[in-house]
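J.: Start from chain F and add chain V according to the hints.
Chain by chain, the residues:
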Amino acid sequence: MSAASLLDLLPAALSAHLIPARRLEEKCGDKRGFVATALPQLDALLGGGWPRGVVSELAGPRSSGRTSILHASLAGALKSGGVAALVDAEQAFDPRLAARAGVPLARLLWVHAPGMQALRAAELLIDAGGFDLVALDIGDKNPRLPDAAWLRLRRGAERQRTVALVVTASPLVRAFASVAVILSRQGVDFGERQNFSRNVQICSAAPALLTGLRSNLALGRGRAPVDGADHYSIEFSVMARSTDQLRRKR
Amino acid sequence: MSSIACVHAPDIALQAMLRGLADAGDRKGPFALAAGPGGRASVLAVTAAAANVRPGMTVAQAMATLPSLRVMTARQPDVDAATSALADLGLGFAPRVDTEPARVFFQAGDLGQLYPDLSAVAHAVRARATRLGLEVRVGIAASKGLARIACRTAEIAIVPAVPAAARAFLAPLPLAMLAPCPEIADALARWGLHTVGELARLRPEEVAVRLGAAGARLVRLARAQDDEAFLPQAPADAVEEGTELDYALDSLEPLVFMLRGLIDRALARLACRGLACAGLTLRLMVEPRSFEIREVPLQSPTRESGILLQLVRLELSRRAPSAPVTGMTILVLPARVRATQLDMLRPNGPAPDRLAATLARLSALVGPEHVGTPRVADTWREEAMTIDRPCLDVGESRPVPLPVPDFTTESTEITETDGKEGFGPDPEPVSSGLCGLCALCGETPDRGTAHATSPNDSGALAIRRFRPPQEVEVIMERSGPAAFRGKETVARVLIAAGPYRISGEWWSGRAFHREYWDIHASDGAVYRMHQDGEKWFLDGYYD
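Residue numbers (the numbering used here), protein chains in the order written: chain F, 1 to 250; chain V, 1 to 543.
What the hints contain is simulated information worked out from the structure, not anything from laboratory work. Be aware that a few hints might be false.
Okay, derived cross-link-like pairs now, EDC-like style, lysine to aspartate or glutamate, Cα gap no bigger than 20 Å in a straight line [unchecked claim]: (1) F:Lys141 <-> V:Asp523; (2) V:Lys487 <-> V:Glu505; (3) V:Lys487 <-> F:Glu90; (4) V:Lys144 <-> V:Glu155; (5) V:Lys535 <-> V:Glu473; (6) V:Lys144 <-> V:Glu228; (7) V:Lys144 <-> V:Asp186; (8) V:Lys144 <-> V:Glu100; (9) F:Lys141 <-> V:Glu488; (10) F:Lys141 <-> V:Glu135; (11) V:Lys487 <-> V:Glu383; (12) V:Lys487 <-> V:Glu473; (13) V:Lys487 <-> F:Asp140; (14) V:Lys535 <-> V:Glu505; (15) V:Lys28 <-> V:Glu100.
Facing chain F, a subset of chain V residues (Cβ under 8 Å, in silico) [unchecked claim]: (16) Pro297; (17) Pro301; (18) Pro350; (19) Ala351; (20) Arg354; (21) Ala525; (22) Tyr541.
The beta-carbon is built from N, C-alpha and C at its ideal position, and this holds for glycine as well.
Bound-form chain F, shown alone (with noise of 0.2 Å):
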């Protein structure tokens, strides 16, 4: 009996699981121990994603795109069933846009932890091993910490093959970071206000609405990527925002 006939008595809902087994690395979303984010972009200028088992910084000032990039990558991390974890230092999460990016928060384990502690927190998280993610969100206010300190956070990620990223406002890693990401900002795109219901009234004496904005991702560090291009341009769209909002008013 061919393949083709098997397949054929199979029923409709278990067929359209089958994988072929030369398409299993692609759906473990683990290509070459990168983990890929759910940007193209970044993926395409990362050569794949996070690299496994080193520290990575995303660095980027206000509205350069750098919690968003952070949603896309916890989504990213997720979405082959993984287990990722956030280190939140200024306690700057909102679950409700991350689930809106793809973030399954059951599966995201939150931790608050200002200062020396975020590291600290992120080092054990590392250490137990099994996240495929675990994320450092500094924030705004970069403190000063201890080179060892990174230096344990690097050794933690290549021991347990974690990908440690960690997030800023400017550059702080330096050279415990195998692969850096700089954020600048292009641009804040509004466009004109439209009525999306006729039972919604809406004020009219704001002339724009905020549709999104623009960000340059250039690689400060790491590989260069494949095709030589040494900086991307990237768009963040508030998605669906405003009706969400709108049709909960009504």
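T.: Okay, now just chain V, sitting in the frame of chain F:
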């Protein structure tokens, strides 16, 4: 044919005290168990290394005979724990056991598929008892009474199941093996009977006339006709180990050292039954005559004593005993360890026991309220956030991964994790373009060698929250906010989009009515702020 195994731990009080010794090598030394008031205390039992000391000697005599003798007194928590450990030993081989002081009986006839013969079962029982810190004798026979007699004859004794062969096994044994009461033993000695075979030749009815029912039962036992009922019972729900201390402890390290022994012993008992620890309750006796309870919850059943000890240490360092500790008891909840079928297509995730230890350490580091799984709060307040007890969805029950939105399409539907409300497709893209104010805010678009990205390659924009929202002063113009000043931020407003009105919780005492604005400020950032009454607050910035 049924086979009943009897496991006997001789001198269980002495063995209980030896179990409490931290170093197993120490147990081989000369030890004696003594009881009695003050200087008239007498020796009850001795170890093999103290052969010259006989039970019944006073402690002074024993010390004179063997100066290196270490004399101990029995403590009831240790004896209880040893007795329970003996029952657990039986429960490792059978689901129900029958117990009596220093003995446990269980059905061994159905172990044929695991062990080649009954002798192998007996050896396995002794080996497992050694791991529990007990030395036992094992007898296996067709009935409970015969198994008890077999136990007395040798360290391992198997009585044949065939009645004739069983009688032949019993016949040469001295009458003392039947453990008759002293009156009956005297009577039998007066009759000139010395072996079980000689007693078996008498008729039970005639012996009953002279010695009563107990005598008749002895004759039936000598004839391998045992009628004692075997009444197995289900095990207790929890495993308990405890000890009393000679001196009160007031610091953490010695306390943890003592707890280590208790935890090791409890886990060994659970391992005997193929179980693991699902939770631990610590009961500390503190001065004067009071007790304190500490609960140590576990994320998943574990057999790792190191992890349990770490959790206990963290709990005790978080909530130290209020007074010196004079004794302690641990209550371990048993649970079966479920084998997890790992998924070929998904990462393994953290090991549950290591995750539990890590969560405990994180809780100790930053406080339990700052560790957890985030959840979308059931409120219209944007800054609200709910943290659930950490229970990562790993292992067997891990659900199918949620669909990650495909940002390359406009019509992706995203469902919140609480499943209460879905969001429809995005509105048609409005006329977006450069804000035209990049020069004002100091941004210089540099496309250079960058790849041109289509609008469909966009990600979801996030907001970075200020918790709590920062109060700011705002200068208002007719079209909206013109400038604002906060504790950390002072900026002019380049573009203000809004207001978006949200109100709610009018049914409670915490009603709010807010007008939200999206502000592109002169420092380059895009803030989210709201006015609630007369006050303005900075909620965060788009990032």
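J.: All hints are to be evaluated individually against the structure, with a verdict given for each.
T.: So, going through the hints one by one against the coordinates:
| no. | hint | result |
| --- | --- | --- |
| 1 | F:Lys141 <-> V:Asp523 | holds, 16 Å |
| 2 | V:Lys487 <-> V:Glu505 | violated, 29 Å |
| 3 | V:Lys487 <-> F:Glu90 | holds, 16 Å |
| 4 | V:Lys144 <-> V:Glu155 | holds, 17 Å |
| 5 | V:Lys535 <-> V:Glu473 | holds, 8 Å |
| 6 | V:Lys144 <-> V:Glu228 | holds, 6 Å |
| 7 | V:Lys144 <-> V:Asp186 | violated, 25 Å |
| 8 | V:Lys144 <-> V:Glu100 | holds, 12 Å |
| 9 | F:Lys141 <-> V:Glu488 | holds, 11 Å |
| 10 | F:Lys141 <-> V:Glu135 | violated, 64 Å |
| 11 | V:Lys487 <-> V:Glu383 | holds, 19 Å |
| 12 | V:Lys487 <-> V:Glu473 | holds, 10 Å |
| 13 | V:Lys487 <-> F:Asp140 | holds, 14 Å |
| 14 | V:Lys535 <-> V:Glu505 | holds, 19 Å |
| 15 | V:Lys28 <-> V:Glu100 | violated, 27 Å |
| 16 | Pro297 | violated, 17 Å |
| 17 | Pro301 | violated, 17 Å |
| 18 | Pro350 | holds, 3 Å |
| 19 | Ala351 | holds, 6 Å |
| 20 | Arg354 | holds, 5 Å |
| 21 | Ala525 | holds, 4 Å |
| 22 | Tyr541 | holds, 5 Å |
Violated hints, listed in ascending order, are 2, 7, 10, 15, 16 and 17; each of the other numbered hints is respected by the structure.
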